[in-house]
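Please model the complete structure; the sequences and the hints are all you need to start from.
Chains as they are written, first to last, in our numbering: chain A, 1 to 115; chain B, 1 to 905.
Fair warning: there could be bad hints in the mix.
What the hints assert, rightly or not - Keeping only pairs whose Cα atoms sit at most 25 angstroms apart, straight-line, the calculated DMTMM-like set for lysine to aspartate or glutamate is: (1) Lys81(A) - Asp146(B); (2) Lys239(B) - Asp465(B); (3) Lys371(B) - Glu864(B); (4) Lys88(A) - Glu67(A); (5) Lys81(A) - Glu111(A); (6) Lys707(B) - Asp146(B); (7) Lys81(A) - Glu16(B); (8) Lys707(B) - Asp465(B); (9) Lys81(A) - Asp10(B); (10) Lys371(B) - Asp141(B); (11) Lys7(B) - Asp64(B); (12) Lys854(B) - Asp709(B); (13) Lys7(B) - Asp15(A); (14) Lys7(B) - Asp65(A); (15) Lys81(A) - Asp141(B); (16) Lys96(A) - Glu41(A); (17) Lys824(B) - Asp709(B); (18) Lys857(B) - Asp761(B); (19) Lys7(B) - Glu59(A); (20) Lys34(B) - Asp42(A); (21) Lys96(A) - Asp15(A); (22) Lys368(B) - Asp761(B); (23) Lys7(B) - Glu41(A); (24) Lys368(B) - Glu20(B); (25) Lys7(B) - Glu67(A); (26) Lys7(B) - Asp60(A); (27) Lys96(A) - Asp42(A); (28) Lys34(B) - Glu47(A); (29) Lys636(B) - Glu664(B); (30) Lys368(B) - Asp24(B); (31) Lys195(B) - Asp141(B); (32) Lys81(A) - Glu93(A).
What the hints contain is simulated information worked out from the structure, not anything from laboratory work.
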Amino acid sequence: MSTQERLELLQGTLDLLILRTLVFGPQHGQGIARAIQQTSEDELLVEHGALYPALQRLEDRGWIDAEWGTSANNRRARFYKLTRAGRKQLLRETTKWRRLAAAIGRILGPEPEKG
Amino acid sequence: MFRHRRKQSDFNAELEAHLELETDRLVEQGLGVKEARFRALHAFGNPTRARESFYESRRWLAWDHLLQDLRYAGRTMLNNKAFTALAALSLALGIGANTAIYSFLNAILLRSLPVSDPSSLVMLRWHTHGSEMHGMGFHDDDYFEDPQAGFTGGIFPFPAFELIRQNNSVFSSIFAYQGTGNLNLVIDGQAEQAKAEYVSGDYFHGLGVPPVAGRLLGAEDDHAGAPAVAILSFALSQKRFGEARNAVGRPILINGIPFTVAGVIPPDFFGVDADLVPDLYLPMHSNLLLDAANSYSPPARRYVDPNVDWVEIMARLRPGLSLAQAQGSLAPLFHRWEITATNSRPRTDLPRLAVQNGGRGLDGLRRKYSKPLYILLALVSLILAIACANIANLLLARAACRNREIAVRLSVGAGRLRIIRQLLTESILLASVGGALGVALAIWGTRSLTFLLANGRENFTLRADLNWHVLGVAAALSVLTGILFGLAPAMESTRADIVQALKESSAGTAHSGSVHHTGLSRMLMVAQIAFAMLIVMAAGLFVRTVSNLESIDLGFNRENLLTFQLDASQGGRRSSQLISFYHELRTRFSEVPGVRTASFSNLPLMGGGRFFTTVAVAGVNPKTSKVMAIGPDFFKTMQIPILLGREIDGRDRPGSSLTVVVNEAFARANFATRNPLGEHLTLPHECEKCSIRIVGVSGNVRQGELKEDVSPMVYLPLSQGTLGPAGGIIYELRATGNPLSYIHAAREIVHRADARLPVSDVKTQSALIDNTINQEIVFARLCSLFALLALAIAGIGLYGTMSYNVVRRTGEIGIRMALGAQRKQVIRMVLGEVIVLAAAGLATGVPAAFAASKLIKSFLFGVEPNDPLTFTATAATLASVALLAGYVPARNASRIDPLMALRHE
Chain A
1 MSTQERLELL
11 QGTLDLLILR
21 TLVFGPQHGQ
31 GIARAIQQTS
41 EDELLVEHGA
51 LYPALQRLED
61 RGWIDAEWGT
71 SANNRRARFY
81 KLTRAGRKQL
91 LRETTKWRRL
101 AAAIGRILGP
111 EPEKG
Chain B
1 MFRHRRKQSD
11 FNAELEAHLE
21 LETDRLVEQG
31 LGVKEARFRA
41 LHAFGNPTRA
51 RESFYESRRW
61 LAWDHLLQDL
71 RYAGRTMLNN
81 KAFTALAALS
91 LALGIGANTA
101 IYSFLNAILL
111 RSLPVSDPSS
121 LVMLRWHTHG
131 SEMHGMGFHD
141 DDYFEDPQAG
151 FTGGIFPFPA
161 FELIRQNNSV
171 FSSIFAYQGT
181 GNLNLVIDGQ
191 AEQAKAEYVS
201 GDYFHGLGVP
211 PVAGRLLGAE
221 DDHAGAPAVA
231 ILSFALSQKR
241 FGEARNAVGR
251 PILINGIPFT
261 VAGVIPPDFF
271 GVDADLVPDL
281 YLPMHSNLLL
291 DAANSYSPPA
301 RRYVDPNVDW
311 VEIMARLRPG
321 LSLAQAQGSL
331 APLFHRWEIT
341 ATNSRPRTDL
351 PRLAVQNGGR
361 GLDGLRRKYS
371 KPLYILLALV
381 SLILAIACAN
391 IANLLLARAA
401 CRNREIAVRL
411 SVGAGRLRII
421 RQLLTESILL
431 ASVGGALGVA
441 LAIWGTRSLT
451 FLLANGRENF
461 TLRADLNWHV
471 LGVAAALSVL
481 TGILFGLAPA
491 MESTRADIVQ
501 ALKESSAGTA
511 HSGSVHHTGL
521 SRMLMVAQIA
531 FAMLIVMAAG
541 LFVRTVSNLE
551 SIDLGFNREN
561 LLTFQLDASQ
571 GGRRSSQLIS
581 FYHELRTRFS
591 EVPGVRTASF
601 SNLPLMGGGR
611 FFTTVAVAGV
621 NPKTSKVMAI
631 GPDFFKTMQI
641 PILLGREIDG
651 RDRPGSSLTV
661 VVNEAFARAN
671 FATRNPLGEH
681 LTLPHECEKC
691 SIRIVGVSGN
701 VRQGELKEDV
711 SPMVYLPLSQ
721 GTLGPAGGII
731 YELRATGNPL
741 SYIHAAREIV
751 HRADARLPVS
761 DVKTQSALID
771 NTINQEIVFA
781 RLCSLFALLA
791 LAIAGIGLYG
801 TMSYNVVRRT
811 GEIGIRMALG
821 AQRKQVIRMV
831 LGEVIVLAAA
841 GLATGVPAAF
851 AASKLIKSFL
861 FGVEPNDPLT
871 FTATAATLAS
881 VALLAGYVPA
891 RNASRIDPLM
901 ALRHE
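What follows is the structure in structure tokens.
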């Protein structure tokens with residue numbers, strides 16, 4: 001699949017994906033990027049560069065914490081982990097997103113058969 | 001949030017770590033290191049954007065932009081030094097003048113008395129329709145004409161004070177006071193002139209003023225026969241005793257009578273009248289001792305006479321009561337008392353009591369200066385407006401030159417708001433520089449204005465200082481003006497059509513937005529001319545007022561006259577002894593070589609107040625008339641013509657038959673065409689049984705104030721005591737040359753006669769007269785200064801804008817000249833534009849000036865607000881300034897070389 005065909009992220013969804021990814025434990029930026037790509041079965045286009053300002057924003061809001069550590073292959077990396085406030089935020093955002101997706105789904109109607 | 005601020009380098013390290021991790025992963029998948037690195041970078045996108053995004057998130061951007069704007073503005077200002085200097089200077093003048101005038105307004109209108117809870121203080125006044133005066137006072141609100149309430153009295157008969165004190169339920173305390181006039185104060189054998197206030201027992205308690213040393217007065221001090229005690233002002237106690245507490249218990253002599261210092265008041269308390277600050281406070285009833293010799297109005301009789309107004313009354317409202325409630329409660333009481341007690345007031349016009357706010361003390365200063373200050377404030381605001389219009393115009397011109405720069409910035413993505421903000425930063429920075437310079441100017445201006453207004457009075461108490469309040473107003477004014485003159489040009493220049501602007505070959509031929517530019521700029525120029533017209537008009541009217549006042553025919557010769565005051569009654573001399581002392585001195589003064597004649601009087605002819613009393617001709621038909629007591633040769637000394645009979649001379653001695661000289665107005669009013677010589681007068685108040693023979697009729701003179709009309713007046717010999725016993729007098733010396741060169745000789749003579757007697761108020765008669773019109777003179781000078789400023793600023797503005805217009809139209813003018821236009825025609829074309837602008841400005845200014853000049857009518861003398869001469873002169877002045885400002889650019893236009901201009905195109 002070429003990058004052109006991947007889906008651009010909707011405004012504001014990157015934060016949600018980051019928080020969701022961190023549910024499974026502390027992770028560094030590159031790991032988060034890989035996880036999003038893999039979990040979405042390569043459907044989503046995450047420009048890695050955009051990830052870091054987003055991480056910084058979440059950190060500033062107190063939803064994630066960060067500290068430098070060592071990666072599996074012995075490289076220094078900055079690891080992020082979810083805070084208590086971050087978990088609450090994730091719950092709120094997830095609920096909101098599900099409702100939004102369901103509502104849009106209802107409006108669009110049943111998926112047409114592939115032809 | 002207090003978390004540790006993350007550094008950019010840390011963020012960059014994280015990005016690098018990401019790239020390494022990603023490269024590692026790709027290498028593991030079997031790619032070469034180079035290829036893997038490339039893929040990782042590709043997937044990352046734009047690292048610079050990430051870094052910028054981090055950078056911006058770390059900062060307060062607005063602050064960053066502000067610093068950037070300030071730096072940019074500073075550079076622009078330094079690059080245009082002439083423009084910056086011109087703009088900052090005109091603003092500094094505008095803001096400085098406004099700040100100085102405002103600091104006076106602040107000091108006069110807003111300051112409360114330095115006492116506890118000033119808002120509950122009230123003062124009592126009364127109003128009548130007519131203007132009957134039966135009393136005297138030293139505060140300048142004894143009787144005055146209030147623009148709204150009509151004739152107003154600030155002084156009451158003592159029985160009225162007693163009545164209200166005993167029958168009021170609205171005041172928690174009530175007190176009376178009155179000035180003493182000049183006293184001779186001797187402390188440790190050293191004499192000086194001092195002023196005191198007679199105060200009733202509740203004065204200090206009612207005002208809530210505590211002593212800083214000793215005790216203050218109470219009811220026990222204020223009755224006949226109480227020990228004579230005095231309270232000193234803090235300044236006096238410092239001056240004479242070194243320290244306040246050293247003064248307590250010390251003996252002092254007031255007019256030769258021993259008093260004991262009981263206490264000292266705090267330094268910031270100045271009494272209740274900022275215009276008359278006492279050195280001492282004495283119990284009201286001590287006037288029985290100090291004023292005992294006053295047989296015109298013996299103090300003992302004053303305490304019971306319901307017909308003599310002399311005490312000012314203030315009081316403190318009970319909590320929760322309003323002025324209206326107090327008035328509602330007391331006015332009927334006062335009215336009932338007036339009906340029964342007063343004997344000589346017309347029944348149909350009895351005084352009506354008014355309870356007024358007293359928290360700011362007596363309003364004499366406010367009445368005297370607040371309206372002039374408001375007028376000055378209006379004028380300086382106009383100057384500031386002209387300066388603003390000026391800078392707006394110059395900025396507009398510059399903005400047009402910067403069209404391309406701004407268009408380029410807009411086209412590469414700068415937000416319009418961002419650019420407006422940056423242009424505004426420039427103008428506010430400019431205004432702040434102007435404001436800072438303006439405050440410096442204001443400090444100087446306030447001092448000179450105080451000096452001008454005080455006009456040599458040592459005890460001038462109007463102190464305007466630059467406090468935080470005033471500085472705050474100046475700062476706000478600067479920012480406001482910055483926005484005012486910066487906003488329109490900023491909006492204009494960012495409105496430009498980008499594509500159009502970029503297409504233009506050079507700024508010189510820019511047309512985009514120029515329709516707006518020139519329209520707005522013309523409007524500004526017209527407004528400037530109209531504003532300047534208002535100021536020049538006002539200056540013209542005030543200058544004419546002063547010249548009218550100075551050319552008033554006084555009826556006597558004011559030149560070469562020396563006057564000074566002397567009060568030998570303070571040295572303990574009484575009646576005949578005093579009179580002969582005065583006469584002896586007069587003889588000695590007239591023997592000084594160079595002194596032609598000398599005389600004396602109880603009042604100066606001009607600049608020392610007036611004295612009215614009732615005069616009856618042949619015992620009937622009593623009328624109010626001005627009176628003066630004079631010495632021999634008075635008319636000769638003052639050079640007042642004697643029309644009939646003779647003047648007062650050595651024959652009119654104590655004991656000889658009583659005589660009087662009347663003026664022409666008196667003769668005309670009382671005798672019409674009959675000869676008044678030999679007729680007799682009586683003075684019902686001063687000398688009821690005296691029959692005073694008219695021995696002469698003199699020419700009319702102005703007495704008291706210049707603006708006053710000539711009125712009936714009688715001159716009585718001081719030595720015959722028909723006006724009561726003599727007190728202090730004024731000597732008048734007619735000199736051959738400069739009168740001031742005889743001061744030393746006069747002092748010497750007095751000193752030899754009695755070393756204890758101070759000679760005071762040594763002045764020439766001309767200076768005394770100038771004193772009475774000091775306010776008008778100051779006004780005329782200030783307004784002329786303002787008018788010059790306004791003309792200069794408006795002229796510079798016109799010149800700058802027209803010059804810019806000529807430069808902008810170089811191409812067009814070049815074409816005209818290439819097609820055969822003559823230099824003269826070009827000059828005429830440019831000047832024509834200026835004339836149209838000036839005409840439009842005058843057309844706007846004339847009706848505005850007509851309307852505005854009515855507001856200053858009460859300050860004018862002998863000239864109508866719509867004086868055609870002043871109007872014509874004003875219009876001519878403005879037209880010539882406009883032509884002058886337009887001529888240089890016009891000449892420059894005519895010198896444009898068509899070839900050069902076209903090549904430039």
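We went through each hint and held it up to the structure:
Under the criterion of a C-alpha separation no larger than 25 angstroms, the hint pairing Lys81(A) with Asp146(B) is inconsistent with the structure, at around 81 angstroms. The straight-line distance between the Cα atoms of Lys239(B) and Asp465(B) is roughly 24 angstroms, inside the 25 angstroms bound, and the hint therefore holds. Taken as a hint, the Lys371(B) and Glu864(B) pair is honoured in the structure, with Cα atoms around 19 angstroms apart against an allowance of 25 angstroms. Using a Cα cut-off of 25 angstroms, the hinted pair Lys88(A) and Glu67(A) holds, with the two alpha carbons roughly 21 angstroms apart.
Taking the CA atoms of Lys81(A) and Glu111(A), the gap is about 38 angstroms. The hint is violated against a cut of 25 angstroms. Pair hint Lys707(B) plus Asp146(B) holds up; C-alpha atoms about 18 angstroms apart against a cutoff of 25 angstroms. With a C-alpha separation of about 20 angstroms, the suggested pairing of Lys81(A) with Glu16(B) holds against the 25 angstroms cut-off. Our distance criterion of 25 angstroms between C-alpha atoms is broken by Lys707(B) and Asp465(B), whose separation comes to about 32 angstroms.
For the given pair, Lys81(A) sits about 18 angstroms from Asp10(B) by alpha-carbon distance, which is consistent with the 25 angstroms threshold. For the hint pairing Lys371(B) with Asp141(B), the CA-to-CA distance comes to about 17 angstroms; that is within 25 angstroms, so the pair holds. Of the supplied pair hints, the one linking Lys7(B) and Asp64(B) holds, its CA atoms being roughly 17 angstroms apart against a limit of 25 angstroms. Between Lys854(B) and Asp709(B) the alpha-carbon distance is near 22 angstroms, which keeps this suggested pair within the 25 angstroms criterion.
About 22 angstroms separates the Cα atoms of Lys7(B) and Asp15(A), which keeps this hinted pair within 25 angstroms; it holds. Pair hint Lys7(B) plus Asp65(A) holds up; C-alpha atoms about 16 angstroms apart against a cutoff of 25 angstroms. Restraint check for Lys81(A) and Asp141(B): the C-alpha separation of about 82 angstroms exceeds 25 angstroms, so the hint is violated. Proximity of Lys96(A) to Glu41(A) is assessed by CA-CA distance (about 23 angstroms); at most 25 angstroms being required, the pair is judged to hold.
Restraint check for Lys824(B) and Asp709(B): not satisfied, since their Cα atoms lie roughly 57 angstroms apart, outside the 25 angstroms limit. Annotation: proposed proximity of Lys857(B) to Asp761(B) is violated, straight-line Cα distance about 33 angstroms (limit 25 angstroms). Our distance criterion of 25 angstroms between C-alpha atoms is met by Lys7(B) and Glu59(A), whose separation comes to about 14 angstroms. Distance hint between Lys34(B) and Asp42(A) is fulfilled; the C-alpha atoms sit about 24 angstroms from each other, no more than 25 angstroms.
Annotation: proposed proximity of Lys96(A) to Asp15(A) holds, straight-line Cα distance about 13 angstroms (limit 25 angstroms). For the proposed pair Lys368(B) and Asp761(B), the alpha carbon gap of about 23 angstroms is at most 25 angstroms, so the pair holds. Restraint check: the Cα-Cα separation between Lys7(B) and Glu41(A) comes to about 35 angstroms, which exceeds 25 angstroms; the hinted pair is violated. Restraint check for Lys368(B) and Glu20(B): not satisfied, since their Cα atoms lie roughly 84 angstroms apart, outside the 25 angstroms limit.
For a cut-off of 25 angstroms, the pair hint linking Lys7(B) to Glu67(A) stands: about 14 angstroms separates their Cα positions. A distance of roughly 13 angstroms separates the Cα atoms of Lys7(B) and Asp60(A); the hinted pair therefore holds under the 25 angstroms criterion. Annotation: proposed proximity of Lys96(A) to Asp42(A) holds, straight-line Cα distance about 24 angstroms (limit 25 angstroms). The hinted pair formed by Lys34(B) and Glu47(A) meets the criterion: a straight-line CA distance of about 20 angstroms does not exceed 25 angstroms.
For the proposed pair Lys636(B) and Glu664(B), the alpha carbon gap of about 17 angstroms is at most 25 angstroms, so the pair holds. For the given pair, Lys368(B) sits about 90 angstroms from Asp24(B) by alpha-carbon distance, which is inconsistent with the 25 angstroms threshold. The hinted pair formed by Lys195(B) and Asp141(B) meets the criterion: a straight-line CA distance of about 17 angstroms does not exceed 25 angstroms. Restraint check for Lys81(A) and Glu93(A): satisfied, since their Cα atoms lie roughly 17 angstroms apart, inside the 25 angstroms limit.
Hints 1, 5, 8, 15, 17, 18, 23, 24, 30 from the list above are not met by this structure, while the remaining hints are.
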